[in-house]
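Novice: Please arrange chain W on chain Y, whose structure you already have, making use of the hints.
Number of protein chains: 2
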Amino acid sequence: MRTVGIIGLGLIGGSMAIDLKKRGFADKVLGVEADKVAAQAAMTIGLADEMVSLEDCVDRSDIIVVAVPVGAAVKMLPEILDRIGEKKIVIDVCSTKEHICAAVKYHPARKQFVCTHPMAGTEYSGPWAAQPGLFDGRACIFADQEESAPWAVQTILELYACLNMRPIFMSSSSHDIHTAYVSHISHITSFALALTVLDKEKDEKHIFDLASGGFSSTVRLAKSNADMWIPILTQNHNNVLQVMDTYIEKMQQFRDAVASYDEEALRKLIEDANKIKRIIR
Amino acid sequence: MRTVGIIGLGLIGGSMAIDLKKRGFADKVLGVEADKVAAQAAMTIGLADEMVSLEDCVDRSDIIVVAVPVGAAVKMLPEILDRIGEKKIVIDVCSTKEHICAAVKYHPARKQFVCTHPMAGTEYSGPWAAQPGLFDGRACIFADQEESAPWAVQTILELYACLNMRPIFMSSSSHDIHTAYVSHISHITSFALALTVLDKEKDEKHIFDLASGGFSSTVRLAKSNADMWIPILTQNHNNVLQVMDTYIEKMQQFRDAVASYDEEALRKLIEDANKIKRIIR
Numbered sequence: 001m002r003t004v005g006i007i008g009l010g011l012i013g014g015s016m017a018i019d020l021k022k023r024g025f026a027d028k029v030l031g032v033e034a035d036k037v038a039a040q041a042a043m044t045i046g047l048a049d050e051m052v053s054l055e056d057c058v059d060r061s062d063i064i065v066v067a068v069p070v071g072a073a074v075k076m077l078p079e080i081l082d083r084i085g086e087k088k089i090v091i092d093v094c095s096t097k098e099h100i101c102a103a104v105k106y107h108p109a110r111k112q113f114v115c116t117h118p119m120a121g122t123e124y125s126g127p128w129a130a131q132p133g134l135f136d137g138r139a140c141i142f143a144d145q146e147e148s149a150p151w152a153v154q155t156i157l158e159l160y161a162c163l164n165m166r167p168i169f170m171s172s173s174s175h176d177i178h179t180a181y182v183s184h185i186s187h188i189t190s191f192a193l194a195l196t197v198l199d200k201e202k203d204e205k206h207i208f209d210l211a212s213g214g215f216s217s218t219v220r221l222a223k224s225n226a227d228m229w230i231p232i233l234t235q236n237h238n239n240v241l242q243v244m245d246t247y248i249e250k251m252q253q254f255r256d257a258v259a260s261y262d263e264e265a266l267r268k269l270i271e272d273a274n275k276i277k278r279i280i281r
Numbered sequence: 001m002r003t004v005g006i007i008g009l010g011l012i013g014g015s016m017a018i019d020l021k022k023r024g025f026a027d028k029v030l031g032v033e034a035d036k037v038a039a040q041a042a043m044t045i046g047l048a049d050e051m052v053s054l055e056d057c058v059d060r061s062d063i064i065v066v067a068v069p070v071g072a073a074v075k076m077l078p079e080i081l082d083r084i085g086e087k088k089i090v091i092d093v094c095s096t097k098e099h100i101c102a103a104v105k106y107h108p109a110r111k112q113f114v115c116t117h118p119m120a121g122t123e124y125s126g127p128w129a130a131q132p133g134l135f136d137g138r139a140c141i142f143a144d145q146e147e148s149a150p151w152a153v154q155t156i157l158e159l160y161a162c163l164n165m166r167p168i169f170m171s172s173s174s175h176d177i178h179t180a181y182v183s184h185i186s187h188i189t190s191f192a193l194a195l196t197v198l199d200k201e202k203d204e205k206h207i208f209d210l211a212s213g214g215f216s217s218t219v220r221l222a223k224s225n226a227d228m229w230i231p232i233l234t235q236n237h238n239n240v241l242q243v244m245d246t247y248i249e250k251m252q253q254f255r256d257a258v259a260s261y262d263e264e265a266l267r268k269l270i271e272d273a274n275k276i277k278r279i280i281r
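These protein sequence lines map, in sequence, to chains Y and W.
The first sequence runs 1 to 281 under this note's numbering.
The second sequence runs 1 to 281 under this note's numbering.
Treat the hints with caution; some may be incorrect.
Identical chains blur together in the list; that is why a pair holds if it fits in one copy or across any two.
[What the hints assert, rightly or not] SDA-like mimics (lysine to any residue), calculated; alpha carbons at most 25 Å apart, straight line:
#, residue 1, residue 2
1, Lys-223, Glu-264
2, Lys-202, Arg-166
3, Lys-202, Cys-162
4, Lys-275, Val-37
Everything labelled a hint here was simulated from the structure, so no lab data went into it.
Pulled out of the complex, with its shape left as it was, chain Y reads as follows (with noise of 0.2 Å):
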């Protein structure tokens, strides 16, 4: 009899309380929400067997996965290890890590907490998003794994197998690093690109109907929502600035390419951004 606790019942925590019951993994769930709405529907949706309070939750369940913003897990996450039990397991799903790292490292607790990333999502927020399958054949990062027991980590590697995600292990910094390259860039450059064309085309209606399936997808992630973004943005400041530089700079080699008519530069660096097709389907 496994009981998993889920604190914060959005688009990751409802999707995981979903897939780990009905697979089979927890046979009882326990909800926490702190917006009286979202709790309301996540029961009427069905997400969690029970809402209960945090204390509660720490206390009736055998693993506890943090599913907030990450400037709210950084402040959660030490007084939940203050209050567990020898044998119970608590694991992060932030999109940022080395803060809530070393918010934790000399916790007299640390070794029962995971701290894990799953990469997936939408662009798309609260228990309403919340879907089965959502994590199926993406990477689940581990940071710091080797701060954590071994029987607490292949505990987690059991709940991520559940959920059909194959784990990758690095270091927070490492991770932070990768995800403002890979991901944390992709939200900014969405963003940028609404702006823009909210900005430059003030007739809705030509936006509707220029937009072909190509600006549909570029500007998805636009969408996405501003108390988890904001926090990302300010704890990964320095690797989400590097990388903001070099993106401007190539935007400026593309906008210097276009202003002087330059063809073979424009080829060379279309012809280069090609190369992505060698990693991405």
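Specialist: Structure of chain W alone, referenced to chain Y:
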């Protein structure tokens, strides 16, 4: 008995060939393809009933579709109009329209030319990329349609109705402004994103592992073909530069907000960007 000749059997020309034949708009499809390998592939795939020379295609077709990159189309269109008989219609399907319309503005057969831009596509090119249903539900722009004979416009409206496209009418200069804002900039931001990630992240394994759905969709257009995009960006030079400048400005505002940990400015930027939800599904 209606014969449609398609010059350039790539993604757009090839996809039109498939549906115009299958759905009964064309009784016969003649194909022209300058590239030998592509021509062979188009025949193998069965995109055209017959591969012919450009001259044969013009002489034997009732409707001639010019589906080559816009640089080549600008040169080819006056030559085609030079030799067409009275009842034939020529259309192009290029992504910029001002240069095209200027190139034929005073041609004696101008009324038999209908300038269109079906807003559909994928990041792939060549006859291999052609697919049925590519145009279904999308918009097709008719540029400067008052310069064409009404009977010619009517026939081409029927052609696009067969492809399940909804027609939108605007001037060629409006077209080029709006597509720069909505379509061309999306491609440039994707190219720059691919260049940034490939530059910062030398380890391809990391890109593969960490690329969640978000990165893949944002970078998708970076696979687009240089031969197609170089003429678009140079022909739509002024509009593209203007929108790139706005984009770089938005990116810089984002950078400044991250650099100064300005959470209020970040919230405003992200929530303004979120407004794209109202327009794009």
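Novice: Each hint: holds or not?
Specialist: A quick look at each hint next to the structure:
no.	hint	verdict
1	Lys-223 - Glu-264	between (36 Å within a copy, 18 Å between copies)
2	Lys-202 - Arg-166	between (44 Å within a copy, 22 Å between copies)
3	Lys-202 - Cys-162	neither (47 Å within a copy, 32 Å between copies)
4	Lys-275 - Val-37	between (46 Å within a copy, 22 Å between copies)
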